[in-house]
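*Asks:* This is what each chain is made of:
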Amino acid sequence: MYIKSLSLVNYRNFERFTYTFDQHGCLISGENGSGKSNLLEAIAYSAYGKSVRHHNDSDIVRFGVNHFFFQAGFVNHDEAYSFDIGYENNRKVIKLNGAILSRMSELYKHIKVVYFSPDDISLVNGTPRLRRSFIDTAIANTDWEYLYKLKEYNQILQQRNALLKSDFEEKHKQTWDTNFCTASITIVKKRLEFISKFEKVFNRIYSEITDKEEEITFNYKATLQTNLSQRDLEDFLFTKEQREKEVEHSLFGPHLDELIIKINGKPARDFASQGQKRSIVIALKLAQAELIRLISDEYPILMFDDILSELDNERTRNIIHNISKEHQIFIATPNADHYKDFDLRHLELKNENIDEV
Amino acid sequence: MLSPKFRKLQECLAGLPGIGKKTAGRLAMHIITQDKAKSHDIAESIADAVDSICNCSVCNILSENDPCLVCTDTDRDNRLLCVVENTQDVHLFEEIHSFKGRYFVLGHLLSPMHGIGPDEIKFGLLSKFLEENPVEEMILALSPSVEGETTMSFIAEQLETSSINLSRLSTGLPFGSNLEYANSITIANAFRNRTKV
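Chains as they are written, first to last, in my numbering: chain A, 1 to 357; chain B, 1 to 197.
Pulled out of the complex, with its shape left as it was, chain A reads as follows (with noise of 0.2 Å):
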């Protein structure tokens, strides 16, 4: 899939921008705070329903106005798809091909993107939530319906807590308990199925990124045994209530779950080099736009967002003969000669006006 056209009004920096995009994507240069990343944000944002960089809409807002819009025309397999934006003093309408869009993963299901940030050596470093974000935003990618269990599983989680600060009935909380059974091992196990085909793809990727032969495993450490029944799993949730009363929320599920990432055997936060956790988070994400392809059968569109800048040039290279030549890809970089064996159009971002170099 690619994105054709880009119209953006008082979107960050840019007052109005309209550009036509051609299949193959393009290597976009410019000074420090020209709006490369901006403008890869906003392309994402089509994909995502927000912002890619945590960003609230109201700071996408244009300095001293308090509304935004923009319209990013798609293709996915020669149909087209248009997808509008418009934000206004906190209020945000999001249509796609004209009808406004009441749920998020409708989105997911026709745009796919696949962002890469400076930001995203955290997945490696950082703490379990952003693992647990990563993991969910991939398998969403291409089962739409696990947003929808996801957000379930959050209504019944904080309901759950709500109980817990409370003077319950025993019965009333064997309901929750059931029901929060029953949709943690939904997640789960959707979470296991995807981590076992994800870590193969993986592999595969970082020994071609980086010529070694290091092991890379992802080990799914669940606070739940979600391989007991439901009945001893609520068992388990009854031996714990004392406790999970006293602190006043719940102590297990999904929510609290860690994705360890391994090189050779040993915790990658702690053993990993800097050079290794960079490649770590490169293939994450490769692998998560691989996966796409080989379930959904589209090459969704790459962005980095100047992420190879800090590897060496053989690293690059590599990286670039990985990627398939069907991915419409988007780079935006101070320094466009490092990028030269990608092969893109060449467009320099200077004043709000994009021109060809």
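Rather than coming from a laboratory, the hints here were simulated on the basis of the structure. Any given hint might turn out to be false.
Stretches of chain A that chain B covers, calculated by requiring three or more beta carbons in the stretch to come under 8 Å of a beta carbon on chain B [stated by the list, open to error]:
no.: 1; stretch: 105-114
no.: 2; stretch: 137-150
no.: 3; stretch: 153-162
no.: 4; stretch: 166-172
no.: 5; stretch: 176-185
Pairs of lysine-lysine, BS3-like flavour, derived with a Cα cap of 30 Å [unchecked claim]:
no.: 6; chain 1: B; residue 1: K122; chain 2: A; residue 2: K171
no.: 7; chain 1: A; residue 1: K200; chain 2: A; residue 2: K189
no.: 8; chain 1: A; residue 1: K171; chain 2: B; residue 2: K128
no.: 9; chain 1: A; residue 1: K325; chain 2: A; residue 2: K197
no.: 10; chain 1: A; residue 1: K149; chain 2: B; residue 2: K196
no.: 11; chain 1: A; residue 1: K92; chain 2: B; residue 2: K21
no.: 12; chain 1: A; residue 1: K165; chain 2: B; residue 2: K122
Yeah, the Cβ is synthetic: ideal placement off N, Cα and C, and Gly gets one too.
Fit chain B to the supplied structure of chain A, relying on the hints for placement.
*Replies:* Coordinates of chain B only, in the frame set by chain A:
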């Protein structure tokens, strides 16, 4: 300067569900400036409804009579019971004219976040209803939300040992709609709950 009485009216209206401060101001202005007789009618009908409508002590329906007209209707099939969240839902089922059984109104769905537990959904009254009425089938007609599903599970678990047949409304495609415009979750549910032609 707005009069204190006007402000009080505006505040009262703003306390109604779905009404913000601006809408409350517009409504208050309309009530004050329209034909006085019409405004008195509104005030009287509010007072009258509040004073004369209460919950039926048998099935919890909001009614002017206790027991309500459904509970005292001898043509109703006492073997069938439809459990709904609120009295508006009863009107929806009555409009389709295909259900001739009795109703029980829970008033709420289980939601610890809002302090709603078994007492608030009148589970004690429902148990009493079932003791006094030989129900054969109970239809749980609640919303398919997390709270609705949990309430249905709760009722089903409590009645596990009874001989009542429990059923729930099916979920799927709305009638007259186009498949193309249905969202993915609805299509998945409709597929799962498909019926034989």
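*Asks:* Taking the hints in turn, state whether each one holds.
*Replies:* Evaluated hints:
no., hint, verdict
1, 105-114, "holds (count 3)"
2, 137-150, "holds (count 3)"
3, 153-162, "holds (count 6)"
4, 166-172, "holds (count 5)"
5, 176-185, "holds (count 3)"
6, K122/B <-> K171/A, "holds, 15 Å"
7, K200/A <-> K189/A, "holds, 18 Å"
8, K171/A <-> K128/B, "holds, 18 Å"
9, K325/A <-> K197/A, "holds, 23 Å"
10, K149/A <-> K196/B, "holds, 27 Å"
11, K92/A <-> K21/B, "holds, 21 Å"
12, K165/A <-> K122/B, "holds, 22 Å"
The structure meets every hint from the earlier list without exception.
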